[in-house]
Amino acid sequence: MRKPSARPPRKPWVVGVSGASGSPYAKAVITALLEAGESVDLIVSRAARLTLLDETGFTIRDAHWQIDVEKWLEREVDPEQVRYWQVTDFAAGPSSGSYPVKGMLVVPATSAACAGIARGLSKDLLQRAADVNLKEQRPVVIVSRETPLSRSHLVNQVDLHDAGALILPATPGFYAGARDVQQLVDFVAGRILDAIDVPHTLYQRWEGELGAARKPD
Numbered sequence: 001m002r003k004p005s006a007r008p009p010r011k012p013w014v015v016g017v018s019g020a021s022g023s024p025y026a027k028a029v030i031t032a033l034l035e036a037g038e039s040v041d042l043i044v045s046r047a048a049r050l051t052l053l054d055e056t057g058f059t060i061r062d063a064h065w066q067i068d069v070e071k072w073l074e075r076e077v078d079p080e081q082v083r084y085w086q087v088t089d090f091a092a093g094p095s096s097g098s099y100p101v102k103g104m105l106v107v108p109a110t111s112a113a114c115a116g117i118a119r120g121l122s123k124d125l126l127q128r129a130a131d132v133n134l135k136e137q138r139p140v141v142i143v144s145r146e147t148p149l150s151r152s153h154l155v156n157q158v159d160l161h162d163a164g165a166l167i168l169p170a171t172p173g174f175y176a177g178a179r180d181v182q183q184l185v186d187f188v189a190g191r192i193l194d195a196i197d198v199p200h201t202l203y204q205r206w207e208g209e210l211g212a213a214r215k216p217d
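Here full-length UniProt numbering is used: the first residue of the sequence shown is 1, the next is one more, and so on.
Hints in this document: simulated from the structure, not taken from any laboratory.
Treat each hint with caution, since some may be false.
Claimed, not checked - List time: in silico DMTMM-like cross-link candidates among lysine to aspartate or glutamate, alpha-carbon distance up to 25 Å: (1) Lys123 x Glu136; (2) Lys123 x Asp62; (3) Lys102 x Asp89; (4) Lys102 x Asp159; (5) Lys123 x Glu76; (6) Lys102 x Glu76.
Input sequences plus hints: build the corresponding full structure.
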């Protein structure tokens, strides 16, 4: 008698949310990953909790993370699809290179997070997980959210690029005909998913035709 096929092993994307302004980018990326059938390991820095509260009215508490994440994402969360790790937990799965993940997205990324990752400081689990994914040569996307940039910011981002990360500033494009802020957020989220080859329909792609932004919906 044939045994039922086993569920394929879980292999998530690690999503690190740092304290930069831009929590809507993280929400859009996580939502799109889940809708694409991907799994997410979520790490939220201490500063990001304050930013999230300020920008959305929500925050994520370690003891009630599932309830809080569901309120933030405005959807039910399956703990098998979304796994939450405390930013202070250095024994967490993403702290080890033997823990199977597809790669990591830091969205948004503060200048401090960029510096810590570039220098290998591993001051918290977010930085440690990014360092691990770089050393394992997995995809790492750093969605920087700072302007203007000082010399040290630029140097850190060049060092991250040289270490194998993709630097993807949170810079929306306007050729897709965005008519509200959410569409601009979705454009950046879509470019992040493009970088890791996850399918989505978050924005209208350029097809070589001028005037697409003026077309009616």
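### Query
Going straight from one Cα to the other, do Lys123 and Glu76 come out at no more than 25 Å?
Given that 25 Å is the threshold and the Cα spacing comes to 31 Å, the pair is violated.
### Task
Measure nothing beyond the straight line between the CA atoms of Lys123 and Asp62; if it is 25 Å or shorter, mark the hint as holding.
Holds, at about 19 Å.
### Task
Given the hint that Lys102 pairs with Glu76, test it: the Cα-Cα distance must not exceed 25 Å.
Within the cut-off at roughly 23 Å; holds.
### Task
Take a quick look at whether Lys123 and Glu136 sit within 25 Å of each other, Cα to Cα.
Cα-Cα ~19 Å, so holds.
### Query
Between Lys102 and Asp89, is the straight-line Cα distance small enough, at 25 Å or below?
It holds: about 20 Å lies between the C-alpha atoms, which stays within 25 Å.
### Query
Does Lys102 pair with Asp159 here, judged by a C-alpha cut-off of 25 Å?
Holds: Lys102 and Asp159 sit about 22 Å apart, inside 25 Å.
In terms of the numbered hints stated before, the structure departs from hint 5 and from no other.
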